[in-house]
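When you get a sec, could you build the whole thing from the sequences and use the hints?
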Amino acid sequence: MAQDVLNALTLGSLYLLFALGMSLAWGTIGILNFAHGSILMFSAFSAYLVVREVALSMPVLLLIGAAVGAVLSLLVQVLAFEPIQRRAKDHRQAELQILVGGIGIAIIPLAIAQHITSSVPFGYSGGTFRVDTYDLGFVRISNVQIVTLVAAFGLAAAIGWWLKAARPGLALRGIGVDPEVSSLMGVDRRRLALLTMAVAGALAGLAGVLLTYYLGSIAPETGDAFLLKAFAAIILGGVGSIAGVVLGAVILAGIETFVLVTTSGTWAPAIAFGVIFLMLLVRPNGLLGRQEVRRT
Amino acid sequence: MNSGSRIGRRKALGSAGALLLAVGLAACSSPSDSSSGSGSGGSGGGGEGLPDTVTLMAINGLTGPVAFAGTNAQKGYDLAVEQVEADGLLGDTTIEIEYKDSAASAQEAASFASQAITDQKYTAILGPSASAQSTAISPLVDQAGIPTVYVQSGSEGVVTGDYTFRLTPPAASYFDIAGDYVEAQGVKTASVLFNSGNPTLVQLGQDSVPALAEDHGFEVVSTAGVEATQQDFTTPTSQIAGDDPDAAFLMVQGPQYPVAITQLRQAGYDGVLVGMSAAGAGNLSSAGEDAAGFVWPTNFTADQEGESSQAFVDAYREKYGEDPNNYAAEAYDAVWFIARGLAEADSADRTALQEGLAAVAADGFSGAQGDITFDGNDARVPGVLVQWDGSREVPLSTDGS
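Line order of the protein sequences matches chains A and B. Residue numbering for the first sequence follows my numbering, starting at 613 and increasing by one per position. Residue numbering for the second sequence follows my numbering, starting at 119 and increasing by one per position.
Keep in mind that the hints were calculated from the coordinates and are not lab data. Certain hints may be false.
[Claimed, not checked] Using C-beta positions, here's what the derived DEER-type ranges look like:
#1 A/Thr874 x B/Ala250: 28 to 34 Å
#2 A/Ala723 x B/Ala204: 56 to 62 Å
#3 B/Gly386 x A/Met891: 32 to 38 Å
[Stated by the list, open to error] If the Cβ cut is set under 7 Å, some of the chain B residues that face chain A in the computed set are:
#4 Ala228
#5 Ser314
#6 Gly343
#7 Val344
#8 Thr347
#9 Thr352
#10 Thr353
#11 Pro376
#12 Gly400
#13 Asn401
#14 Ser404
#15 Gly406
Cβ atoms here follow ideal geometry from the backbone N, Cα and C, with glycine treated the same way.
Written as structure tokens, this is what we have:
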């Protein structure tokens, strides 16, 4: 039982790591970036290309992943999303074009990684970090599992605090409520949008490297596979709420783990998404979505 | 603007939710010399009835998620074309292959097939690796009467009529060699983990392994499915480690293997691990030593015995400077199969070629995969057991030596 709970929390932390950056950009500057999975994968892939040549430690690879993710995300914002926003007739059209544009952009890094790896999985066996497992009697846990859990919930707490207490975070929440009034109040929307996308990309990069460490290896298509789950966690928790994303990720992982443990496993995604559907019927804005919007 | 923004986001949220739910609820020596049947030693060989050039269309995913299969197949095709020409099996006739990249799209594949059907310059089609694409093509080519030779594409609905052939034997057809191995290892209990989104893997997990258990005297104590794109195997591997069977059969997709094996070992499981051919083609490289000892039956490995197999491997190494994998071997056999069919028919007419291919299939031949026989239009090979030694796959006898 304790092992199942730990497994569910670990899976939830993987979904959370992926969803944090995506939720931050969507809930504040209104950008639903479907290239997020590709940025995650390519950041991890870039770290792999480096560690293949030089044996580096986990912190260094995390820095590389975060830097590559931030740069990629900024490039996407400057080269694709900003031009879309400038040319779109209204906000709604811009949102939809960004959504479709993100799907298109995602194909580029995916194709590059697929070409270089021939779609064979890659990992960090060339690095200095080694996985150790500790048997505590009632539960078995690895060092990389601990790092993943601490990083996911720690980052979620840090971002939640930043949005509530730091000036840029407060300004971002202001944009999330009313971009026009925020501008009139002196908020530099473009600068904050760039900052948000850089942070979101860095989170994707961190998530990609941690994910690769935890799973041992990932394939170029891994980002796409997580995209749907992260998206589900955000919708379930409520767009714009960091606490909601945490809750959504843990609930989704909890349901999946429960189904895997109690059945043959085949029905895990169907049951998980069925439960989400029922939850959304009762709370269409997600579990914590409404409270967050009112508060901001 | 404020309300517009909120409404827009709400609508986007609604659209996104609908999308989410829809998806969530809703996959050397010449080979002709080693022919055991027809081929250059058969009625062909002169190519008097053949045109100067026989054009084939190869439809395959050269980009996208199955690019690893498509690009390796392309190498096998190209090598075989060179060898057929050098061998003189078709006289002065040369084979020309036009490559069409269907990426991950069944619609694209069907569109290319339609083009090949209507353009009479194409004598035959080398079909896609992905079952979803092949099942879209098969009804078209069978009805139009253009011979189509597939590699991979292991699902039902691919070999559907006289004009469709498949050079990749179903994994279940040679899986029995894994039974001899686990029996030699003294296995009495086993767990099964399979990918529930892939028909071949479902068949292996739900039918082949239980049948193996019955034939080789072990009991399947647990069977669990994972979704098609499963990334984290922490829970299912913990369950297997908890059950602690003598062996665990992992029937998952290629990129899932290193993760499943690594997490199984981290969960404390140290029993016998058995997989299937998708574990090959370099997929275990990232697992390294964690996957050492992992065993799987396959239709081809670069170090397998057999004159025709080693002739292919030597030629491949010389041309590309690397070891061939099963995708290249199957593709190589597919082109030689068509070349033998052309020699048998002594004609590039589609109907004549189909009859020539049927004759070759009836006799079988020796190729990269060893001695190839056919069950109808579907290839069969003896198969070979291989083991990951921590850095590469090596052949293994069924007693584990």
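Status of the hints after comparison with the structure:
The supplied range of 28 to 34 Å is met by threonine 874 of chain A and alanine 250 of chain B, whose beta-carbon atoms lie about 31 Å from each other. In this structure the hint that alanine 723 of chain A and alanine 204 of chain B lie 56 to 62 Å apart at CB is violated, the actual value being about 35 Å. The beta-carbon spacing between glycine 386 of chain B and methionine 891 of chain A, approximately 36 Å, falls within the hinted interval of 32 to 38 Å. Using the Cβ-Cβ criterion of 7 Å, the hint placing alanine 228 of chain B at the interface with chain A is not satisfied: the shortest such distance is roughly 21 Å.
Look at serine 314 of chain B: its Cβ gets to within about 4 Å of chain A, closer than 7 Å, so that hint holds up. Against a cut-off of 7 Å between C-beta atoms, the interface hint on glycine 343 of chain B holds, since the closest Cβ of chain A lies about 4 Å away. At a threshold of 7 Å, the smallest CB-CB gap from valine 344 of chain B to chain A is about 6 Å, leaving the interface hint in force. The beta carbon of threonine 347 of chain B is positioned within 7 Å of a beta carbon in chain A (closest approach about 4 Å), and the interface hint is therefore held.
For the restraint placing threonine 352 of chain B at the interface with chain A, the shortest Cβ-Cβ distance is roughly 5 Å, inside the 7 Å limit, so the hint holds. Nearest Cβ of chain A to the Cβ of threonine 353 of chain B: about 5 Å, under the 7 Å cut. The hint holds. Interface restraint check for proline 376 of chain B: the shortest CB-CB distance to chain A comes to about 5 Å, inside 7 Å, so the restraint holds. Because the smallest distance between the Cβ of glycine 400 of chain B and any Cβ of chain A comes to about 5 Å, under 7 Å, the interface hint for this residue holds.
For asparagine 401 of chain B, the interface hint holds, the least distance from its beta-carbon to any beta-carbon of chain A being 6 Å, beneath 7 Å. Hint status for serine 404 of chain B: holds, given a least beta-carbon distance of 4 Å to chain A, under 7 Å. Evaluation of the glycine 406 of chain B hint against chain A yields a held restraint, the C-beta minimum of about 5 Å falling below 7 Å.
Of the numbered hints listed earlier, those contradicted by the structure are 2, 4.
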